[in-house]
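Chains as they are written, first to last, in the numbering used here: chain Y, 1 to 888; chain R, 1 to 112.
Among the hints, erroneous ones may be present.
Here are the simulated lysine to aspartate or glutamate pairs, EDC-like style, with alpha carbons at most 16 Å apart [claimed, not checked]: (1) R/K76 / Y/E28; (2) R/K76 / Y/E32; (3) R/K76 / Y/D20; (4) R/K88 / R/D14; (5) R/K76 / Y/D24; (6) R/K76 / Y/E22.
Simulated from the structure, these hints should not be mistaken for lab results.
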Amino acid sequence: MTWRGRIARLLALVRGRRLDRELDAEVEAHLEMAERDARNAGLSAEEARWAARRRFGGIEQMKEEHRDRRSVRWIETGLREFRIAVRTLGRAPGFVIVAVLTLALGIGATAAVFSLIQGVLLTPPPYADPARLVLIPSARTGGRPQEGPRPWPAAQWLEWQREAKSVQSIAAYRWMFDFLILPDGVESFEAMAVAPEYFSVVGLEPVLGRKFVASDTTPSAAPVLIIGYELWQRRFGGNRNILGQSVRVSRRNTPVEIVGVMPPGVRFLPAPNVAQEPNYDVNALVDIWVPFSPGSDAAELKRPRWHVVGRLAPGFTPGQAQAELALIAGRQARADPDFAGFTPRVESLTFEYNRDGERILHPLFGAAALVLLIACGNVAALLLLRGLGRRQEYAVRAALGVGRAGLFRQASTESLLVALAGGALGAGLAFAAVRAFQLIGGHAIPRLDAVTTGWPVLLFGLGLALIAATLAGLLPAWRAARLDPNEVLKGAGPKSTAGRGERRLLRAVTVAQTALTLVLLVGAGLLIRTMINIAKAPSGYHTSRILTMSVTAVQMSEAGFHRRALERVQALPGVERAAYAWGVPLTGNNWPMRVIIEGQPVPASAKEAIELPLRSITPGYFGMLGLSLIEGRDFRSNDDEHAPPVAIVNQAFAGRYFPDTATLGKKVWLLGPDKPYCTIVGVVADGRTDDLTRQAAPEIYGSFWQYPAYSKHMLIRTRAEPLSMASAVRSALREVNPNAAVEHIKTFDQIRNDSLAGRTFAMRLLVGFSMVGCLLTLVGIYGVLSLSVASRRHEIAIRAAIGAERRDIRTLILSDGLRLIAGGVAAGLAGALVFSRVLRSFLYEVEPNDPPTLLAVAMLFIGVALLACWAPARRATRVDPMKMLRCE
Amino acid sequence: MSRQHADVPYGTLDLLVLKTLETMGEMNGYRIARRIEQVSGDALKLSQGAIYPALIRLEQEGWIRARWGISETNRKVKFYSLTKAGRKQLEAEVRKWEQANALVARFLEAAP
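Let's have the full structure, built from the sequences with the hints guiding it.
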């Protein structure tokens, strides 16, 4: 068979009608010519016509063969089945609409969560062969708990680089934060300081320009940087002449030359030791890379300040690499006690990259799949019912010689069509849902900005449709195929009632749906309880009517900026009060300090020191947040560099370190035993500053004028809606210093909500999913019970005839419904006990098997489900025994 | 090929049609069928209609080409003619046929 022939045959599929017409014309002409020849040979007109026909042979058979030979048979048959199915479905628009919408809800939910998974978890970072990349964080030796993440000294990883066989290449990096000074304003950026070999290790090739080379880090080298694709597009309009241009960076005196542009989509590698920095965002796209070298200074080489990323040698596992590196690190620790106490761990980059996303997306995907299963249950029930109504039709077809396979094919083609329509509509719903997720879920899911909807989602939706068609359509199609035509045709008239077999199947489907819905409802209930518990949790401070923004004097030389800016903002109409704070609650920001406390044993080495978070604030901060002073005094504006250092501690601190003695007047060393101490001048009430779900831990507040911070927030208590003041505050700050960077403008309420974003997002989705599941299941229960009433009309009529009251009949039907529901609810509660555990990390002060939640959800569902039974029960009481029995 | 034409050896009809068109030039379906009947005498039991599935297939393969013309009874009808590719195909088929024939003949003539 030639290609030309194959293509022609495919074309014939669509040109079928025309080819048939042409063939008809040819046949007619043929017969005419044959007839004329026969007449010329001396036959009568009649004889000639018959002779021509006879010589031609069977016209219909020939046409059939013509069709077979000119095109592709199986497609042709498939198309015919398809046309028949479309026509049959067209006669039942109600059924089609309900079935398609039901499936679309299920498929839409699943495909929407899938598109998040696809964008967040399945899209690998843009490095070459990312599966072989590993992060090498540190752990304390001997399994001791680690108080904070500790990076590595260059002396250690440089040796690993030389010696490790299991790790092909190693590079170090650090996180940096700075400001770009451009003609049209100041923009903060996060940057990675990387060893020159970094790009080769992770496998990034610049789209423009070059990577770093070793000579970029020599002291005499001209400063260079590489920019990220997104910054290039955003700030430089994708200009290809960018190479060789210089930019100004706030903490450098000389302009820095751009030497390369990296591909899009490169995000930070984790630098957990700086996670408290206000601007640290590991999920952000990298804007700038600067070259860095550990240098050769012995003391500098020993400072633990590097994070390490490596590429496994082919054939090695992270476990083997960890064993080898631990061996080297152990030897290093024995040779130099400064290196003692820490051992490397080797973790797959993909694992680390996906951990947060998996934690929230996997349970949600499971929930969406449950919705889909429930939807499939409803469609299966609908198809079964439809099959019942069409038993006559099937029986006639079977009697006319359509085989079982044919009936099966017809029934499954219909369910496939319905499912595909549902899949297409569902994919559309998913597209819309993803947009909505991006609006409400920004802080809940990392890298949500990278999620796109497109072909994969559509294909996934259609794939789900195929699964749904199988799940929902197989059983009804099988029932259709094993129908006994004799049995059906003997039965009187078209029946719409169900036999025992069907009824049992439908009940099983409904029980399963109820169980799945219960699992969803329990999940939603647990998250709702969590949110209520968090709202009730005593945070210790309030968040309303407070505007926050990060304010930075980019040119550090401007000493008086902060005081003048604060005075200026305080004076704005509509502002009640303003303060600076380094370490605003719920931002994750604080300043981890190794402190020495009067009366506590002085630690033998720095490693043993107590590490506590320091927050640096200006006077009035406590009042603004509603944190009350228990004893002592607030900071004063003259607690500055000329005054003796002072500190305020929280109650948890006082309770832990001075349980029996006065806290006021005690000394605390923040910067080391040889540096001046601070005197504790106040004790402030506890606040849940790290996490609303965690009890307050000891913390120390310093005076901002004594512990100035480069990056910090300005907090402004406003009289009106906080965001309405944003532009006034911004322009006031610009007037004080046109180069001041004013960024991250948010209300304190927003910060609070962002800190709960994961839970809120999970709750909203689960509530939505369980509502959809509930609705579908109620429809299912209603349908099954209605069918049951219809099939039992005869029985009900007899009962009524022998004296059953309406109430008795209602009770009969309702208890039938209740049995159905109770079975599902019991199974669902059992399922919930198993599945709710996946939510554990989201829950607060409620256990996954929380009895009140389980009970409340079960009662609620039973109540609502009984309402769905009400209408069928009423219908049962309306059965008129006389009419009914006379009909028989 | 369906059962009622079993008497026409499988695949031979294509060859007969191609050969007919080569000898006679452009013809319509009826004339092709008649010509095959005449040449074969009564030896071949062919329903004339069988010619059409063969013709569409040959046309799809590009071995013959069809154009609409007017029949002797004044009707629109397709006239078929051999294409260059068809001529080559005919040669190939003829060769194949002859080889197969020769092979079978040798077997039949072979002394025990």
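Status of the hints after comparison with the structure:
1. R/K76 / Y/E28: holds (10 Å)
2. R/K76 / Y/E32: holds (11 Å)
3. R/K76 / Y/D20: holds (15 Å)
4. R/K88 / R/D14: holds (13 Å)
5. R/K76 / Y/D24: Within the cut-off at roughly 11 Å; holds.
6. R/K76 / Y/E22: Answer holds: R/K76 to Y/E22 is near 10 Å, not above 16 Å.
When the structure is compared with the earlier hints, no violation turns up for any of them.
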